[in-house]
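In this text, residue positions in the sequence shown follow the numbering used here: the first is 45, and each later residue adds one.
Any given hint might turn out to be false.
[What the hints assert, rightly or not] List of simulated lysine to any residue pairs, SDA-like, C-alpha gap at most 20 Å: (1) Lys90 <-> Ala102; (2) Lys130 <-> Ala112; (3) Lys126 <-> Thr136; (4) Lys130 <-> Glu140; (5) Lys147 <-> Arg137; (6) Lys147 <-> Arg158; (7) Lys147 <-> Val135; (8) Lys90 <-> Ile101; (9) Lys90 <-> Ala73; (10) Lys147 <-> Thr136; (11) Lys130 <-> Met114; (12) Lys130 <-> Leu119; (13) Lys130 <-> Ala113; (14) Lys90 <-> Ala100; (15) Lys90 <-> Ile78; (16) Lys90 <-> Ala80; (17) Lys126 <-> Thr142; (18) Lys147 <-> Glu157; (19) Lys90 <-> Thr74; (20) Lys147 <-> Lys130; (21) Lys126 <-> Arg137; (22) Lys130 <-> Ala120; (23) Lys126 <-> Met114; (24) Lys147 <-> Arg159.
[What the hints assert, rightly or not] Pairwise CB distance ranges (calculated): (25) Thr74 <-> Ser103: 40 to 46 Å; (26) Arg159 <-> Ala133: 55 to 61 Å; (27) Val135 <-> Glu157: 29 to 35 Å; (28) Ser103 <-> Ala133: 41 to 47 Å; (29) Ile149 <-> Glu123: 34 to 40 Å; (30) Ile110 <-> Ile149: 53 to 59 Å; (31) Ser156 <-> Ala133: 33 to 39 Å; (32) Thr136 <-> Ser156: 26 to 32 Å.
Simulated from the structure, these hints should not be mistaken for lab results.
All figures in this text were calculated on a predicted structure; none of them were measured in a lab.
Backbone N, C-alpha and C fix where the C-beta goes; we use that ideal spot for every residue, glycine too.
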Amino acid sequence: MNTVTTELLDARIETIEARLDARVLAIEATVVEIRADIREIRAEIKSLRVTIVVTAIASVLAIASINAAMYSNMLAAFESRKDIAKTQAEVTRQVEATAALLKRIEEQAQRSERRN
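Full structure from sequences and hints, please.
Here you go:
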């Protein structure tokens with residue numbers, strides 16, 4: 045049987061330790077990169093949150109503006125209808141007055157024809 049000398053065993057252990065140290069350093073470097081990526085993602089998420097909040101506020105204001113415009117237009121249409129009703133009443137009154145005047149003129153014309 046081969047007997048392993050202490051020096052050979054120590055050399056193998058040192059080699060294994062060197063490999064493990066290299067792997068641990070690689071893992072530590074990867075963890076550092078992951079932490080940096082997480083910080084970057086958090087910053088992006090924070091920016092996204094701000095964008096979402098601003099968009100939500102803008103949407104609410106836009107909907108409120110549309111609602112106010114529609115209300116204003118409906119109120120204007122209602123007021124216009126009131127004005128149209130007043131105008132129609134005035135036109136009806138003027139037509140009646142004109143008809144009365146026309147009737148008087150016709151009566152006067154008939155009287156003057158009878159006199160002649």
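Restraint check for Lys90 with Ile101, where alpha carbons must lie at most 20 Å apart: 17 Å, holds
Arg159 paired with Ala133, Cβ distance criterion 55 to 61 Å: Between Arg159 and Ala133, where Cβ atoms are some 39 Å apart, the hint is violated.
Given hint Ile78 paired with Lys90 - CA-CA distance at most 20 Å: Holds: Lys90 and Ile78 sit about 18 Å apart, inside 20 Å.
Ser103 and Thr74 - C-beta distance against the hinted 40 to 46 Å: 42 Å, holds
Range agreement (Cβ of Ala133 with Cβ of Ser156, hint 33 to 39 Å): About 35 Å separates the Cβ atoms of Ser156 and Ala133, which means 33 to 39 Å holds.
Given hint Glu157 paired with Lys147 - CA-CA distance at most 20 Å: 15 Å, holds
Straight-line alpha-carbon gap Lys147 to Val135, limit 20 Å: 18 Å, holds
Pairwise hint evaluation, Arg137 against Lys147, where the allowed Cα distance is 20 Å at most: Holds, because 15 Å separates the two Cα atoms, which is no more than 20 Å.
Distance restraint between Lys90 and Ala102, which requires alpha-carbon spacing of 20 Å or less: 18 Å, holds
Distance restraint between Lys126 and Met114, which requires alpha-carbon spacing of 20 Å or less: Holds - the C-alpha atoms of Met114 and Lys126 are around 18 Å apart, at most 20 Å.
20 Å Cα cutoff - pair Lys130, Ala112: 27 Å, violated
Cβ distance range 53 to 59 Å for Ile110 and Ile149, holds or violated: Holds - the Cβ-Cβ distance for Ile110 and Ile149, about 56 Å, lies within 53 to 59 Å.
When the structure is compared with the earlier hints, violations turn up for hints 2, 9, 11, 13, 17, 19, 20, 26 and for no others.
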